[in-house]
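Q: Build the complex from these two chains, which are given one at a time in their own frames, with help from the hints.
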Amino acid sequence: MKSCLIVDDSKVIRMVAKKILHDLAFETVEAADGQQALDACKANMPDAVLLDWNMPVMSGIEYLRELRALPNGNLPVVVFCTTENDIEHIQEAIEAGANEYIMKPFDSEIIQAKFTQVGLL
Amino acid sequence: MGSEYFDYIRDLLKDRSGLAVSLDKTYLIDTRLLPVARKHGYDTIVDMVKALKIRHNEALVVEIAEAMNTHESLFFRDVEPFELFKNIILPQVLQRRKDTRRMRIWCAACSSGQEPYSLAMLLHEEAHRLSGWNMEIVATDISHSVLARAKEGLFSQFEVQRGLPVQMLVKHFAQEGDYWRISDKIRKAVTFKAFNLLTDPRGLGRFDVVFCRNVLIYFDLETKRKVLDALGGVIAPDGVLFLGSSESTIGLTEQLWPVEAGLGVYKHTGSPPSLAELP
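For the protein sequence lines, the chains are P and W, in the order given. Heads up: the first sequence begins at 1 in our numbering, then just goes up one per residue. Heads up: the second sequence begins at 1 in our numbering, then just goes up one per residue.
So here's chain W without its partners, still in its complex pose (with noise of 0.2 Å):
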């Protein structure tokens, strides 16, 4: 491909999704985009791209963006934040809105649904904790297609075995032929949202606690920070946000700083410093 398209290509991403796309990822242009260029008519990605240039193709642009997207997605993907979750950061919330019985969660960049689902069943193990509590978990993700996906809640075979201990799989799935279906009390304790992240999350509201894990990975610095200060506009001042294990606050935003090195766990400044401080 020459290097016309492929800037016309990483341009589209950047702008569209925040993607930053280097040249020695080309291969994943080719191997996504070319699916994309034949179910459109187009023989090869660099005739779309010319396609494109000439008439602006909305919802073929909407495709590109969404087909470029890493999808991957485990249930308690990484075991360990959710540990701190269940251990440390839910006890603190309970103790600190026991006035209003209200706790939000936000899962941003949700993919298909593994991440919020995993954190539904944590609740409903810990339901005894949580009587006349209003628990809310909003999951969003930029892509439609795979939100749809995730409200659907069918995993094949191979994605419950994927971190879902067996005892999970059995009490919240119903086996349908090689797909097992998420019981409908765990789907409804999810709310899915289309949201993309370079947008302005006000609109979703204030979070007690925001996971928004492996994302920043594919960003370029520049929207790192955009995001990360968004982020930091509608996390309470008293929340917390997980990031994945190769990323970090640190840099990038004056809003939101490690809890403590290595944990993943991001809060503000000015709010408890530590995680040891359980009521």
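Extracted from the complex, chain P is given alone in its bound form (with noise of 0.2 Å):
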């Protein structure tokens, strides 16, 4: 079983993606934020990532460059999942390292299409 790290400080929103993960036969993980991502990674290293840009202590995008920068922090996929919709956040995802970007709101059909485009499904 493949694992993903859920990381939004919205708890509805970790509920909502988490039903939605263990659909598609993941086991997941949650983080509040990017500090609590980051000490999970370096305990743990999940196969996927699903991210939010904004939240508190550390955004999305502080986390993922943290992240790229750790021992097989290279090694998970990263799908950020945020309302950042304009090209300007996901240029700057992409070069961050991020693999895929869903721009909210997303439905259980975005999330499969974007895993199964990033070779996760």
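What the hints contain is simulated information worked out from the structure, not anything from laboratory work. Careful, some of the hints might be misleading.
What the hints assert, rightly or not - These stretches of chain P come out as covered by chain W in the derived footprint (C-beta under 8 Å, 3 or more residues):
no.	stretch
1	80-88
2	108-121
What the hints assert, rightly or not - A few chain P residues that don't get close to chain W, going by computed Cβ distances all over 10 Å:
no.	residue
3	Lys18
4	His22
5	Gly73
Said to hold, decoys possible - Restraint-style ranges between C-beta atoms, simulated for each label pair:
no.	chain 1	residue 1	chain 2	residue 2	range
6	W	Lys151	P	Glu88	27 to 35 Å
7	P	Thr83	W	Asp184	27 to 35 Å
8	P	Leu75	W	Lys98	36 to 44 Å
9	P	Asp86	W	Lys188	23 to 31 Å
We put the CB at the ideal spot given by N, CA and C, even for glycine.
A: See the structure below:
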């Protein structure tokens, strides 16, 4: 079973994402901000990360840059999932090492399509 | 709806677009045609049919046929056919047509344009191999309204997240509010035309590759045969046909045969039997 770290400061979003990912046969771990996510990755590197942008303590993009600098930090497939839907944010994310980008609102079909594209499904 | 009215709609659809509607799909008639009826001032579909039976109204008939077509479409739908096209078919055509340097692709029933635009983006990625080549993508659909949308090249945020890699979104689209517009370069690589698959396609010319995916599933047996025979007539002797994953030519036409089971690629009899004959 593949693992996915869900990083979002909204408990509701984490719950929705968790339900969708369980249906796609992923094991899930949750984090409420970038720092928690980074700690989780240091303890156990996941196969995939579903990542919000705007969060307290440490933002998604800061987390992503730190993650990619970690040993084996290039391994997880990182999919942003954010309300930031302008091309500048998308470009910044790609440059920081994001593999895919979901613009909220999302549904199970979009997550499934994006995860298939990046080879997670 | 009484059976007399159902029969009228069913015959009209079969006649106009080849669409086969079985009794268990009557709910589709209700949900899709009621808005058309209301728009034309009828309270119910039955009222609309009654009026049509008394006096033919061509514009209304066209609208009914268009409303009943399914326009579901994704970028790079099913992924694999596009991989096959890029890795196997394209190199073959480039080898075989190296003297004329011309390649023609037809997307039959292109809907809102995701399939031909996917091919245009894919060819753009391969531009280094295609310099000096004349690549033509012809995209047709029976529905004028859907073709107008395709030509416009404007897609919702939801649509651009279905099948389109984000790198391609950034490269080939510009944001317009909540919508994304495809670049002129990609848009101009596709020629859109209205065409009914029930009519003779020879006016469109001859093609090296034809995509006719997830269309035949809506037709009855007789229509499938007719359409496949007609496609056979415009596919070059060494050309290929792509069908949808649940479609096949077997038992329907003598002209086109699967290249390999399960690939969704079909060729004329007498053309090289396998795909594994790369230069």
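Q: Using the C-beta atoms of Asp86(P) and Lys188(W), is the stated range 23 to 31 Å upheld?
A: Check passed, 26 Å falls within 23 to 31 Å.
Q: Could you let me know if the closest chain W CB is still more than 10 Å away from the CB of Gly73(P)?
A: 20 Å, holds
Q: Is the Cβ of His22(P) farther than 10 Å from every Cβ of chain W?
A: 21 Å, holds
Q: Taking the beta carbons of Leu75(P) and Lys98(W), is their distance inside 36 to 44 Å?
A: 42 Å, holds
Q: CB of Lys151(W) to CB of Glu88(P), is that within 27 to 35 Å?
A: Given about 28 Å between the Cβ atoms, the range holds.
Q: Regarding Thr83(P) and Asp184(W), is the given constraint of 27 to 35 Å on their beta-carbon distance met?
A: 29 Å, holds
Q: Under 8 Å between beta-carbons, do enough residues of the stretch 108-121 of chain P, three at least, approach chain W for the coverage claim to hold?
A: holds (count 6)
Q: Count the residues of the stretch 80-88 of chain P with a beta-carbon closer than 8 Å to any beta-carbon of chain W: does the count reach three?
A: holds (count 3)
Q: May I ask you to check that Lys18(P) keeps its beta-carbon over 10 Å from the closest beta-carbon of chain W?
A: 20 Å, holds
Figure legend: structure checked against the earlier numbered hints; every hint is met.
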